[in-house]
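Chemist: Sequence:
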Amino acid sequence: MKIAAWNVNSLKVRLPHLLDWLAAQNPDVVCLQETKTEDKGFPFAALEAAGYTAIHNGQKTYNGVAILSRHPLEAVHRDIPDFDDPQKRIIAATVNGVRIVCAYMPNGSEVGSEKYEYKLRWFKALTDWLREELKQWPRLALLGDYNIAPEDRDVHDPAAWAGKILCSEPERAAFKAFLDLGLSDSFRLFDQPEKSFSWWDYRMMGFRRNLGLRIDHILLSSALADTCVSSTVDKVPRKLERPSDHAPVVAELRDQ
DNA sequence: ATGGCTTGAGTGTCAAGA
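Its first residue numbered 4, the first sequence is counted upward by one per residue in my numbering.
Just so you know, not all the hints are guaranteed correct.
[To be verified] Now the in silico label distances, taken between C-beta atoms and shown as ranges:
id	residue 1	residue 2	range
1	PHE193	LYS242	18 to 24 Å
2	ASP194	ASP229	15 to 21 Å
3	PRO89	PRO196	38 to 44 Å
4	ALA165	GLN28	33 to 39 Å
5	SER13	GLN259	32 to 38 Å
6	GLU51	SER13	19 to 25 Å
7	ARG212	ALA53	31 to 37 Å
Calculated from the structure, these hints are not laboratory results. Idealized CB from N, CA, C, for every residue including glycine.
Throw the hints in and build the complete structure from the sequences for me.
Modeler: Listed below in structure tokens is the structure:
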């Protein structure tokens with residue numbers, strides 16, 4: 004089973020790229036972040052025609068997450084339970100016995116800001132919920148835009164980013180809390196090229212100069228990590244006209 | 001140089017992203 008995550012930065016704008024990418028890569032499951040639309044604006048019909056059923060947790064202008072699948076989606080769940088949050092950042096479902104959790108994690112704006120405090124509270128709530136999900140679903144994948152670069156090697160200029168948003172120690176500790184649940188960063192299960200990133204700033208020719216961060220991740224429970232045969236970043240869509248600033252990340256799982 | 005692009009909202013210009 005091939006699973007993927009992609010922050011599309013507006014599904015309305017990126018739908019042609021998404022449809023081309025689905026046809027080229029034929030993933031079984033795709034988790035989308037920043038659809039930036041309500042359910043009524045979601046392109047269910049176009050995705051159905053491409054062979055995908057979809058579920059969406061939509062919001063106007065900001066956020067919005069979706070799961071696309073070639074297989075039936077079961078036990079659909081939206082939002083973090085018992086966490087009061089109007090922002091639509093979580094959708095989950097079970098596909099072929101694998102619990103898929105799609106997350107658009109908060110950006111945080113600036114270290115010390117209100118949004119940063121929200122970010123840290125949000126991560127704590129997600130971690131607490133995942134601990135319970137893992138009891139019910141030992142085969143679990145957490146995919147999406149984490150808005151955290153876990154290590155200095157995930158940052159093009161670690162000195163410039165030291166202590167800054169996406170790289171601060173409390174954020175990295177929040178990422179490590181996922182690992183402490185027994186999840187593995189699928190990308191680091193394999194040898195990877197130096198300076199591998201998943202996001203590049205639109206400004207300053209960030210992509211051409213590879214001034215990026217690796218902030219989009221696929222974490223796998225131990226039962227799933229044992230079946231993982233590859234984990235990569237697909238930079239091809241980032242090279243297109245009018246791209247998302249994020250590239251899709253992809254992991255392949257051996258069938259059980 | 002705290003800017004630089006892109007998007008959605010809405011039609012002038014700003015918030016938000018990372």
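Chemist: Does each hint hold? Answer for all of them.
Modeler: Now for the hints, and whether the structure bears them out:
1. PHE193 / LYS242: 18 to 24 Å: 23 Å Cβ-Cβ, so the 18 to 24 Å window holds.
2. ASP194 / ASP229: 15 to 21 Å: 18 Å, holds
3. PRO89 / PRO196: 38 to 44 Å: 40 Å, holds
4. ALA165 / GLN28: 33 to 39 Å: 35 Å, holds
5. SER13 / GLN259: 32 to 38 Å: At 36 Å between Cβs, range holds.
6. GLU51 / SER13: 19 to 25 Å: Holds, at about 20 Å.
7. ARG212 / ALA53: 31 to 37 Å: 34 Å, holds
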